[in-house]
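Protein chains in written order, with the numbering used here: chain A, 114 to 242; chain B, 114 to 242; chain C, 114 to 242; chain D, 114 to 242.
Since the hints were made in silico from the structure, they are not lab data.
There's no promise every hint is true.
Same chains, same names: a pair is fine if it fits in one copy or spans any two.
Mimicking DSS-like on lysine-lysine, the simulated pairs with C-alpha atoms at most 27 Å apart in a straight line are [said to hold, decoys possible]:
id, residue 1, residue 2
1, 195, 214
2, 195, 240
3, 195, 207
Now for the letters of each chain:
Number of protein chains: 4
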Amino acid sequence: MKSEMTKLTENDRVAELLGIRLKKVDTGYALAEMTIREDHLNGVGTLHGGVIFSLADYAFAVAVNSGGVPTLAINAGISFFKPPRGPVVSAEAKEISSGRKICCCEVEVRDEDHTLVAKFSGTGYRKPA
Amino acid sequence: MKSEMTKLTENDRVAELLGIRLKKVDTGYALAEMTIREDHLNGVGTLHGGVIFSLADYAFAVAVNSGGVPTLAINAGISFFKPPRGPVVSAEAKEISSGRKICCCEVEVRDEDHTLVAKFSGTGYRKPA
Amino acid sequence: MKSEMTKLTENDRVAELLGIRLKKVDTGYALAEMTIREDHLNGVGTLHGGVIFSLADYAFAVAVNSGGVPTLAINAGISFFKPPRGPVVSAEAKEISSGRKICCCEVEVRDEDHTLVAKFSGTGYRKPA
Amino acid sequence: MKSEMTKLTENDRVAELLGIRLKKVDTGYALAEMTIREDHLNGVGTLHGGVIFSLADYAFAVAVNSGGVPTLAINAGISFFKPPRGPVVSAEAKEISSGRKICCCEVEVRDEDHTLVAKFSGTGYRKPA
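Just chain A, with the same shape it has in the complex (with noise of 0.2 Å):
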């Protein structure tokens, strides 16, 4: 079960695709990052909501799944608050609830200046073995 979480997470080809890299991980807990590239921008200069989200979903799934217990998003919700300064978003992902069946995590989204620039809440649903 162990490696069925690794391959969800560590052959994640989005988490590549995107330059997101995992800093920390723990029970219930994750912490990744992202240096901010020209094509991750959207039409205005400014980070796209949908990377962010992937970042924060990232987080997330590795958070959820540090377990061992396949666990997959079944929904999620995001508000964005404010466009990073500098060049580096981290992602900051803790259990808030975690059901044997149902677990909640929340993302915190924030830049270099440590100010919080997202919010992510994803519901996880623990998949029987």
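Once you have looked at the hints, place chains B, C and D on chain A.
Then chains B, C and D, alone, in the frame of chain A:
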């Protein structure tokens, strides 16, 4: 103002990065699609939630900016139902409420069998010029 | 199991407290309505968001429990568009995805002019018996 | 403007109907509580989702209106984790982002054991006077 809208949605480098194609635009409406590629997949080989969100978010952005007033997503929610079958997924966005300042737009993501893969709902804020 | 569904939705004391009436039920479907009272209002004299949510949530609960399998809301989102006109508001719930364990159901809240007042989307978890 | 805020949150008849008590207010902050009554229960005898939402929404409204600028909820999401134990539930609201037009405020709903029962996140729109 038309040009600002164009800037936001026509120069979208993430849409380009992911291979998103715009198929139709109308007032408060947009249809986009994408052919699934290897680098769109998560570690278990299904279409990545972040990519599905990005596709839906792009259709949302085109629809809510179609009136020519620059409109930014302030938050969004997405529910994931099942992995898509077949290589092409589409996202159809429709504004369900359009105020002077705030709008709400829903997006249905469907696969080639026309099965509902995900549902997105976003809130936009129309920026004063 | 039928009776457990009945227990959840027919003995709903909050529906009673608020004066919610069930008008129609079908598989994955429910229609409820409510006549606005003085004690449904917020401080500025419009229908309270919590009351709108409760009406929508009731229609949701009836619709997702209509199949006889006890189903609980695990999360929900609601967008508020405008205050209702006229004394009666209705909530029409339709499941848009119905899995063995997880379902998603949307509810449209409309006033007497049939104007969309609010949109609710909830996720249900089907409890193992 | 102060008085308009007061109107919105001090004359809240639904708070009265449900027995919600305001315990503390500060800038971008509110703490409310409620003693669970028979008519707050759903058909299976646990605290109704609509009542939990209403409690959280009330704390949200007080917190986002605390600055004196009339602020309305445009949308909200809530996740339900477990039924509360003990007769009293509290809702603690904190603005996590406060812009001139848009704000975001989270609310933790806890029972007497301080267990997290539900988490609410709402977006407010500051109305031009």
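Structure-based check of all given hints:
{"no.": "1", "hint": "195 x 214", "verdict": "between (34 Å within a copy, 13 Å between copies)"}
{"no.": "2", "hint": "195 x 240", "verdict": "between (35 Å within a copy, 13 Å between copies)"}
{"no.": "3", "hint": "195 x 207", "verdict": "both (22 Å within a copy, 18 Å between copies)"}
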